[in-house]
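Trainee: Kindly generate the complete structure, drawing on both the sequences and the hints.
Number of protein chains: 2
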Amino acid sequence: MSGAIFSDWMRSIQSRTETALANALPPLDLTPDRLHEAMRYAVLGGGKRVRPLLAHGAGLVTAAAPDTVDRAACAVELIHAYSLVHDDMPCMDDDSLRRGKPTVHVEYDDATALLVGDALQSLAFQLLAEPGLIPDAARQLKMVEHLGVASGSRGMAGGQAIDLQSVGQNISREALEVMHVHKTGALIRASVQLGALCGPTQDPDTLARLDQFSKRIGLLFQVVDDILDCEADTATLGKTAGKDARNDKPTYVTLLGLEEARRFAAELEADALAALGPLDARADMLRALASYIVHRRF
Amino acid sequence: MSGAIFSDWMRSIQSRTETALANALPPLDLTPDRLHEAMRYAVLGGGKRVRPLLAHGAGLVTAAAPDTVDRAACAVELIHAYSLVHDDMPCMDDDSLRRGKPTVHVEYDDATALLVGDALQSLAFQLLAEPGLIPDAARQLKMVEHLGVASGSRGMAGGQAIDLQSVGQNISREALEVMHVHKTGALIRASVQLGALCGPTQDPDTLARLDQFSKRIGLLFQVVDDILDCEADTATLGKTAGKDARNDKPTYVTLLGLEEARRFAAELEADALAALGPLDARADMLRALASYIVHRRF
Numbered sequence: 001m002s003g004a005i006f007s008d009w010m011r012s013i014q015s016r017t018e019t020a021l022a023n024a025l026p027p028l029d030l031t032p033d034r035l036h037e038a039m040r041y042a043v044l045g046g047g048k049r050v051r052p053l054l055a056h057g058a059g060l061v062t063a064a065a066p067d068t069v070d071r072a073a074c075a076v077e078l079i080h081a082y083s084l085v086h087d088d089m090p091c092m093d094d095d096s097l098r099r100g101k102p103t104v105h106v107e108y109d110d111a112t113a114l115l116v117g118d119a120l121q122s123l124a125f126q127l128l129a130e131p132g133l134i135p136d137a138a139r140q141l142k143m144v145e146h147l148g149v150a151s152g153s154r155g156m157a158g159g160q161a162i163d164l165q166s167v168g169q170n171i172s173r174e175a176l177e178v179m180h181v182h183k184t185g186a187l188i189r190a191s192v193q194l195g196a197l198c199g200p201t202q203d204p205d206t207l208a209r210l211d212q213f214s215k216r217i218g219l220l221f222q223v224v225d226d227i228l229d230c231e232a233d234t235a236t237l238g239k240t241a242g243k244d245a246r247n248d249k250p251t252y253v254t255l256l257g258l259e260e261a262r263r264f265a266a267e268l269e270a271d272a273l274a275a276l277g278p279l280d281a282r283a284d285m286l287r288a289l290a291s292y293i294v295h296r297r298f
Numbered sequence: 001m002s003g004a005i006f007s008d009w010m011r012s013i014q015s016r017t018e019t020a021l022a023n024a025l026p027p028l029d030l031t032p033d034r035l036h037e038a039m040r041y042a043v044l045g046g047g048k049r050v051r052p053l054l055a056h057g058a059g060l061v062t063a064a065a066p067d068t069v070d071r072a073a074c075a076v077e078l079i080h081a082y083s084l085v086h087d088d089m090p091c092m093d094d095d096s097l098r099r100g101k102p103t104v105h106v107e108y109d110d111a112t113a114l115l116v117g118d119a120l121q122s123l124a125f126q127l128l129a130e131p132g133l134i135p136d137a138a139r140q141l142k143m144v145e146h147l148g149v150a151s152g153s154r155g156m157a158g159g160q161a162i163d164l165q166s167v168g169q170n171i172s173r174e175a176l177e178v179m180h181v182h183k184t185g186a187l188i189r190a191s192v193q194l195g196a197l198c199g200p201t202q203d204p205d206t207l208a209r210l211d212q213f214s215k216r217i218g219l220l221f222q223v224v225d226d227i228l229d230c231e232a233d234t235a236t237l238g239k240t241a242g243k244d245a246r247n248d249k250p251t252y253v254t255l256l257g258l259e260e261a262r263r264f265a266a267e268l269e270a271d272a273l274a275a276l277g278p279l280d281a282r283a284d285m286l287r288a289l290a291s292y293i294v295h296r297r298f
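Which chain is which? The protein sequence lines are A and B, in order. Quick note on numbering: the first sequence equals residues 1 to 298 in full-length UniProt numbering. Quick note on numbering: the second sequence equals residues 1 to 298 in full-length UniProt numbering.
These aren't lab readings, by the way, just hints derived from the structure by calculation. None of these values were measured; they are calculated from a predicted model. The C-beta atom is built at its ideal place from N, Cα and C for all residues, glycine as well. Some hints here could point you the wrong way.
[Claimed, not checked] Each pair of labels, with its calculated beta carbon distance range: (1) B/Asp109 with A/Leu28: 45 to 51 Å; (2) B/Glu231 with A/Leu28: 37 to 43 Å; (3) A/Glu260 with B/Arg139: 52 to 58 Å; (4) B/Lys101 with A/Ala138: 39 to 45 Å; (5) A/Leu273 with B/Ala175: 55 to 61 Å; (6) B/Asp94 with A/Pro102: 22 to 28 Å; (7) A/Ile171 with B/Asp203: 54 to 60 Å.
[Unchecked claim] Derived, one-sided and incomplete: chain A residues facing chain B with beta-carbon distance under 10 Å: (8) Asn23; (9) Pro26; (10) Cys91; (11) Asp95; (12) Gly117; (13) Ala119; (14) Leu127; (15) Leu133; (16) Val144; (17) His146; (18) Ala150; (19) Ala157; (20) Gly158; (21) Gly159; (22) Ile162; (23) Val178.
Mentor: Here's what the structure looks like:
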């Protein structure tokens with residue numbers, strides 16, 4: 001597949017995701033309007049939409065209708081967006097810049113940021129539970145359950161808690177992986193699961209391959225994030241760079257060194273592609289996504 | 001029905017809710033253990049479990065299996081518990097005492113309190129989505145959707161946002177009602193809806209009556225809360241009393257005066273009972289609950 005085909009697909013998914021999110025978020029003229037404005041501020045107009053891209057890429061493999069995948073993509077992206085809002089708050093990472101804009105608690109206030117995150121999480125589940133999203137209601141419940149597990153104490157929120165406990169600690173490579181499997185990996189895995197569950201082709205071997213792929217991609221995403229955090233300057237990244245190292249947070253770069261971290265990323269990319277193995281051309285967007293994640297500059 | 005029968009039922013529901021919550025919460029030996037400990041601290045060993053009582057009361061009307069209602073009851077109680085944890089945080093009400101114990105951010109720290117709330121919300125949806133909770137998966141999705149709406153920006157979180165905006169404002173009785181319909185009313189309504197949806201008897205007229213009942217009860221609960229906040233001392237209430245008035249928050253007592261607030265509570269109780277109207281003795285626990293909510297001392 002040519003790079004141009006992938007770029008076009010990526011832009012089309014990013015564009016339809018923006019539209020779907022704008023439609024899913026409560027309108028500005030609805031009470032409480034300030035909260036709704038802040039929710040839209042937190043979600044719209046930014047981000048590379050990596051999780052929606054993964055959901056749509058997996059949906060292609062199971063022949064899902066893109067309109068259906070939009071809903072799953074919105075759900076995972078809303079969870080991601082809420083986690084950024086809470087993570088940026090003064091009691092967590094205390095960041096003032098996100099995607100080149102003031103963070104929600106800076107633009108509004110701490111209480112509003114707290115409620116924005118809370119309401120975005122509720123909205124994610126509400127969207128995913130709307131009856132009739134897919135014909136098989138039992139499978140739709142499974143999607144909701146996956147999102148719950150991925151977001152909670154054994155997933156993303158748990159990863160944040162492990163992260164808090166690991167500041168200033170000398171942790172092992174295994175412990176670092178446990179943290180990332182929770183913090184970033186769980187929601188990336190859920191993005192692929194939810195996208196795949198949207199389609200009618202529910203072949204167990206294919207689903208197992210997609211799951212293996214998503215686990216590698218989740219870790220890969222974090223390793224590349226650590227590399228970028230070490231390399232990039234604030235202007236390129238759109239967030240305060242080098243912050244993890246300054247905050248004395250363990251990263252793959254501080255643990256392995258820059259070169260070994262890069263080698264590990266290449267290994268994870270190869271493993272991810274191997275997991276997709278014999279799947280036909282319908283998995284090509286996922287293959288291209290793996291490469292995109294390694295070579296991204298954001 | 002005698003008061004003793006109601007008291008026994010109430011104690012049995014409170015006890016089985018405590019057990020169900022303890023089983024639903026992640027065990028202490030699971031990573032991240034500190035987060036799981038804080039989640040259990042936030043949820044277990046306290047509270048009158050009004051929402052679980054309403055869910056079980058409604059479940060009686062639709063002949064639901066109590067084990068099934070336990071799950072719905074846990075879901076609404078986890079949402080309630082998370083809202084208390086976030087509401088008590090320094091950037092919101094900044095409360096240090098809850099149910100006679102230090103609040104989560106005091107006992108642990110702000111970041112942990114934030115994550116405890118986030119993870120409790122995820123867990124609520126995860127529990128409710130577990131496939132097979134009721135035989136009708138489409139109806140179970142409706143339960144999840146109701147909980148999403150009740151928790152989000154058009155429900156509880158939205159009510160908190162309206163509350164923030166109304167501090168120090170002279171608001172009308174109508175505006176106060178809009179706030180409470182969102183802040184407390186939505187989740188109380190969902191408690192009744194979810195409990196009712198657990199049962200096999202899904203008669204539309206009965207469900208409509210239960211819904212009317214729950215709307216009155218939601219408002220009643222808040223009016224009584226305002227009366228108690230005005231009357232009670234810290235020892236009786238187990239939380240810092242008179243705080244709303246000191247924080248310059250509008251209440252039914254500041255708006256109507258104590259006597260008129262009491263009269264309004266009596267009117268709401270009568271309306272709630274009238275909504276149940278012709279329903280048979282299976283609705284008696286809900287009838288007794290209405291009276292209990294008016295005469296409670298917590």
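Trainee: Hints first: check each against the structure and report whether it holds.
Mentor: So, going through the hints one by one against the coordinates:
A beta carbon spacing of about 35 Å between B/Asp109 and A/Leu28 contradicts the range 45 to 51 Å that was offered as a hint. Our hint of 37 to 43 Å for B/Glu231 and A/Leu28 holds, since their Cβ atoms are close to 40 Å apart. Take A/Glu260 and B/Arg139: their Cβ atoms lie about 53 Å apart, and the range 52 to 58 Å holds. Take B/Lys101 and A/Ala138: their Cβ atoms lie about 41 Å apart, and the range 39 to 45 Å holds.
Our hint of 55 to 61 Å for A/Leu273 and B/Ala175 holds, since their Cβ atoms are close to 58 Å apart. The hinted range of 22 to 28 Å is satisfied by B/Asp94 and A/Pro102, whose Cβ atoms lie roughly 24 Å apart. Range check, A/Ile171 to B/Asp203: about 58 Å between beta-carbon atoms, so the 54 to 60 Å window is met. The beta carbon of A/Asn23 comes no nearer than 15 Å to any beta carbon in chain B, farther than 10 Å, and the hint placing it at the interface is violated.
Using the Cβ-Cβ criterion of 10 Å, the hint placing A/Pro26 at the interface with chain B is satisfied: the shortest such distance is roughly 5 Å. Given hint, A/Cys91 at the interface with chain B, holds; its Cβ is 4 Å from that chain's nearest Cβ, closer than 10 Å. Nearest Cβ of chain B to the Cβ of A/Asp95: about 13 Å, over the 10 Å cut. The hint is violated. Nearest Cβ of chain B to the Cβ of A/Gly117: about 7 Å, under the 10 Å cut. The hint holds.
A least Cβ separation of about 4 Å between A/Ala119 and chain B falls short of the 10 Å threshold, and the interface hint therefore holds. Interface restraint check for A/Leu127: the shortest CB-CB distance to chain B comes to about 8 Å, inside 10 Å, so the restraint holds. For the restraint placing A/Leu133 at the interface with chain B, the shortest Cβ-Cβ distance is roughly 8 Å, inside the 10 Å limit, so the hint holds. Taking 10 Å as the C-beta contact cut-off toward chain B, the hint placing A/Val144 at the interface holds, the least distance being around 4 Å.
Residue-level restraint check for A/His146 holds (minimum Cβ-Cβ distance to chain B is 9 Å; threshold 10 Å). At its closest, the beta carbon of A/Ala150 sits 8 Å from a beta carbon of chain B; the interface hint therefore holds under the 10 Å criterion. With a least beta-carbon distance of about 4 Å to chain B, the hint placing A/Ala157 at the interface is held under the 10 Å criterion. For A/Gly158, the interface hint holds, since its Cβ comes within 10 Å of a Cβ in chain B; the closest pair sits about 5 Å apart.
A cut of 10 Å between beta carbons decides the hint on A/Gly159: the least distance to chain B is about 8 Å, and the hint holds. Using the Cβ-Cβ criterion of 10 Å, the hint placing A/Ile162 at the interface with chain B is satisfied: the shortest such distance is roughly 5 Å. A cut of 10 Å between beta carbons decides the hint on A/Val178: the least distance to chain B is about 7 Å, and the hint holds.
Comparing the model with each numbered hint stated earlier shows that hints 1, 8, 11 do not hold.
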